[in-house]
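Participant: In case you want the letters, here they are:
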Amino acid sequence: MNSIQENLMDSKRSIEDGRVSFRLFFNKLLERSINFYLLACVSVTVLVSSTVIFILGKDCFEFFSQISFFDFLFGTKWEPLIEPRNFGVLPLITGTFLVVFGSILIALPIGLFVAVFLSEFSSKRFRSFIKPILEILAGIPTVVYGLFALTFITPKLKLIFPEIEVFNALSAAIVVGVMILPMITSLCDDAFKALPNSLKQGAYALGGRPHEVVIGIIIPAASQRIGAAIILAISRAVGETMAVTLAAGANPNFTLNPLKSVQTMTSYIVQVSMGDIPAHGVEYLTCFAVAGLLFLITWLMNMIGAYFIFAKGKN
Amino acid sequence: MGRKIKSVIFYFLCLVSTILCLFLLGILIYHLFIQGKDYFTWDFLNNFPSRFASKAGVKPGIYGTFYMMALTAIIAVPLGISTAIYMEEYGPKNKWMNLIQINISNLAGMPSIIYGLLGLAVFVRFFGLERSILSGSLTLSLLILPVIIIASQGAIKSVPQSIRDAGYALGARKFHVVFTQVLPAAIPGIMTGVILSLSRAIGEAAPLIVVGAVGYISYLPHTIMDGFTVLPIQIYNWASRPQEEFQGLASAAILVLLIGLFSLNFVAVYIRERFQRYKDND
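Chain order of the listed sequences is A and B. The numbering of the first sequence is this note's numbering, which starts it at 1 and goes up by one. The numbering of the second sequence is this note's numbering, which starts it at 316 and goes up by one.
Source of the hints: derived by calculation from the structure; they are not laboratory data. Do not take every clue at face value.
Unchecked claim - Here are the simulated lysine-lysine pairs, DSS-like style, with alpha carbons at most 25 Å apart: (1) A:156 to A:260; (2) B:352 to A:131; (3) B:352 to A:156; (4) A:260 to A:158; (5) B:489 to A:28; (6) B:408 to A:28; (7) A:131 to A:193; (8) B:319 to A:200; (9) B:352 to A:193; (10) A:158 to A:77; (11) B:321 to A:200; (12) A:28 to A:124.
Please read all numbers here as calculations on a predicted model, not as lab measurements.
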C-alpha cells in the first residue's frame, strides 16, 4: 500500500515539477526488463522445435543423399547394422502399426465404456475414487509396463497360443492399450462434459434408456472430440518406446502376425543407442531418418487431433 | 422387454470396464510385489549393480535419479513458469501467440525418444557436455518444459480476473499485480503441475538411453559432469536379461521407483486439495 501511495505521489510530483522522477524511470525499466526476460523464456520453446526440425532435417538430408528415398520407404528388409545393409523401413512401419492398431482396438472400447460409466452411472464418490486410479495408471513409467508384459502377459498368452514367441507384438499391444486407456477415458470424459446438459435431459425426457441415449445421442454429438481422442492416443502409442522395446523385442520382421517378434520405429532407435553410436556412421543417420519419420507422423496426428478439439463443431 | 435387457447389459459392460481398470492396477502391483519382494532388502538399496544377482543393488540408480530430478527442476521450473506468465499475462493475444501456443502443445505430444536424439545432437555432441548428468537433465528439462507450461497456464488462468482488476484499481503496476497477487494465488496449482511433471521425468528411460546413460556404474556421481544411471535404466537393463533372478531385481527396483512416484503424487494431490483456492472447472 505504501509503495503504491509513493508511486502516486511520485508521478504527481513529476508532473508538477515537469521532470521524470527516478522512481518512475526505475519502474519503467523494471517493467521493460521483466517483459524482455519473459519473452526470452518463451522463445526457448520456439528454439526447441526449430532445433528438432533442423537436426532431423539435416541428418535426413544426409541420409537420403546416400540411400534412395524410394528404397527407404518401400523396401521390405530392414538390416542397417549388418552387411549386406538393407534400408527398407516397411518392417518397422508394420511393427509399429501392429502394436498401435492392437492397442487402440483394446483401449478404445474399454476407455469409452469407462467414460460412459463415469458420466452416466457413477456416483460422485465413486467417480472421485476412480479418477485418481486412472491418474496412477497413466503415471506409471513405461518401463514398468514393459516388464509386466514380459513376465506376466506373455506367459498368460502362451497358455492360449502355445506357438507365441517370447517377444511378441500382441503383449506389446495389450500393454500399450492399458497405457493409453486413461488418456482415452479422460479425453472422452471431457468430450461428454462439453455437451450441453439439455441434450441429454431431452433424450431422457423422451423416455430413452441409458444405452439409447448414449449410443443414439451422446456419442454422435461428441463424435468429433472422440475422434480427436483416438488420434491423440494413436500418436501417443506410436511414440511409445520402453514398453514396446521390452515386450515386442528387436526383430524387424515384415509381418502382420501379432504372435511374432517385431521391431517398432522407437525400439530401433533404442537398439542402436544401446550400442555406442559412432557420430557420423550410417547407423547414426538411420536413427535420425527413422526419428524424422516418427516426428512427421506424430506431428501430423497431433495437429489433426488439436484441430478437432478446438474446431468449432456443430454440437 | 428387449430394451430393458439391453440397457442392463450396457450398464454391466460399463461397470465391468471400470472395474477392469481397478483390477489391472491391482494385478500389476501385486505381480511386481510378488516377483520383487525377495530381492527388496537393505543390501539391495545399498549395493552397486553387479553381474551376480545376489550382490546387485540400486544405489547409483537412486542417487542418479535424485541428482537428475533436482537439476531438471532447477532448469525447467523457472523457465516453464516464466513462459506461462508471459503467455497468460504479458503476451498480446494475436496470431503469433496462438502459433506459439500450438507449438507448445505439439512439443508436449512429441515422443520422448525424439527429445533424446535432440539432447544427443545438441548437448552431448554440439556443446560437448559428454554423457553427463548435465546433458541428461537438460534433455529431461526440455521434455517436461511444455507440461510445466501448460499446467502453470491452467493455474494462472484459474485466478479470477477480479483480483487483477482490484490490483490495478489501487494503482499498482503490471509486474506488481502479476508477481504479488496473481502468482501467489496460482502457486499451489503450479506446484501440483510441477510435481506431476517431475514424476513423469523420473520414470523416463528412453531419452536418457539415447543421451547415453550407462547401465553399469560402480561409483556415485560427484559432479554434474559425471556419467550417470537412473532407476528406469537400471530396470530396463535387468528386465532385458533372460535370467529369472534379474527379472526379480527389476521388479524390486520398480518397487523402489513406484514408492518414490506414489509419494510424489500424494504430495501433489495433497497440495491441490489443501492449498488451492481457485480451481479449474474440472
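Participant: Now, for every hint given, state plainly whether the structure supports it.
Facilitator: Here's how the hints hold up against the structure:
1. With a CA separation close to 16 Å, the supplied pair residue 156 (chain A) and residue 260 (chain A) stays within the 25 Å bound.
2. Distance check on the hinted pair: residue 352 (chain B) and residue 131 (chain A) sit about 28 Å apart at the alpha-carbon level, beyond 25 Å; violated.
3. With a C-alpha separation of about 21 Å, the suggested pairing of residue 352 (chain B) with residue 156 (chain A) holds against the 25 Å cut-off.
4. A C-alpha spacing of about 12 Å is found between residue 260 (chain A) and residue 158 (chain A), which places the hinted pair at or below 25 Å, so the restraint holds.
5. Note on residue 489 (chain B) and residue 28 (chain A): the hinted pairing holds, with a Cα-Cα distance of about 10 Å set against a maximum of 25 Å.
6. Of the supplied pair hints, the one linking residue 408 (chain B) and residue 28 (chain A) holds, its CA atoms being roughly 22 Å apart against a limit of 25 Å.
7. Distance check on the hinted pair: residue 131 (chain A) and residue 193 (chain A) sit about 15 Å apart at the alpha-carbon level, within 25 Å; holds.
8. Restraint check for residue 319 (chain B) and residue 200 (chain A): the C-alpha separation of about 19 Å stays at or below 25 Å, so the hint holds.
9. Annotation: proposed proximity of residue 352 (chain B) to residue 193 (chain A) is violated, straight-line Cα distance about 42 Å (limit 25 Å).
10. For a cut-off of 25 Å, the pair hint linking residue 158 (chain A) to residue 77 (chain A) is broken: about 28 Å separates their Cα positions.
11. Restraint check: the Cα-Cα separation between residue 321 (chain B) and residue 200 (chain A) comes to about 19 Å, which is no more than 25 Å; the hinted pair holds.
12. Under the criterion of a C-alpha separation no larger than 25 Å, the hint pairing residue 28 (chain A) with residue 124 (chain A) is inconsistent with the structure, at around 50 Å.
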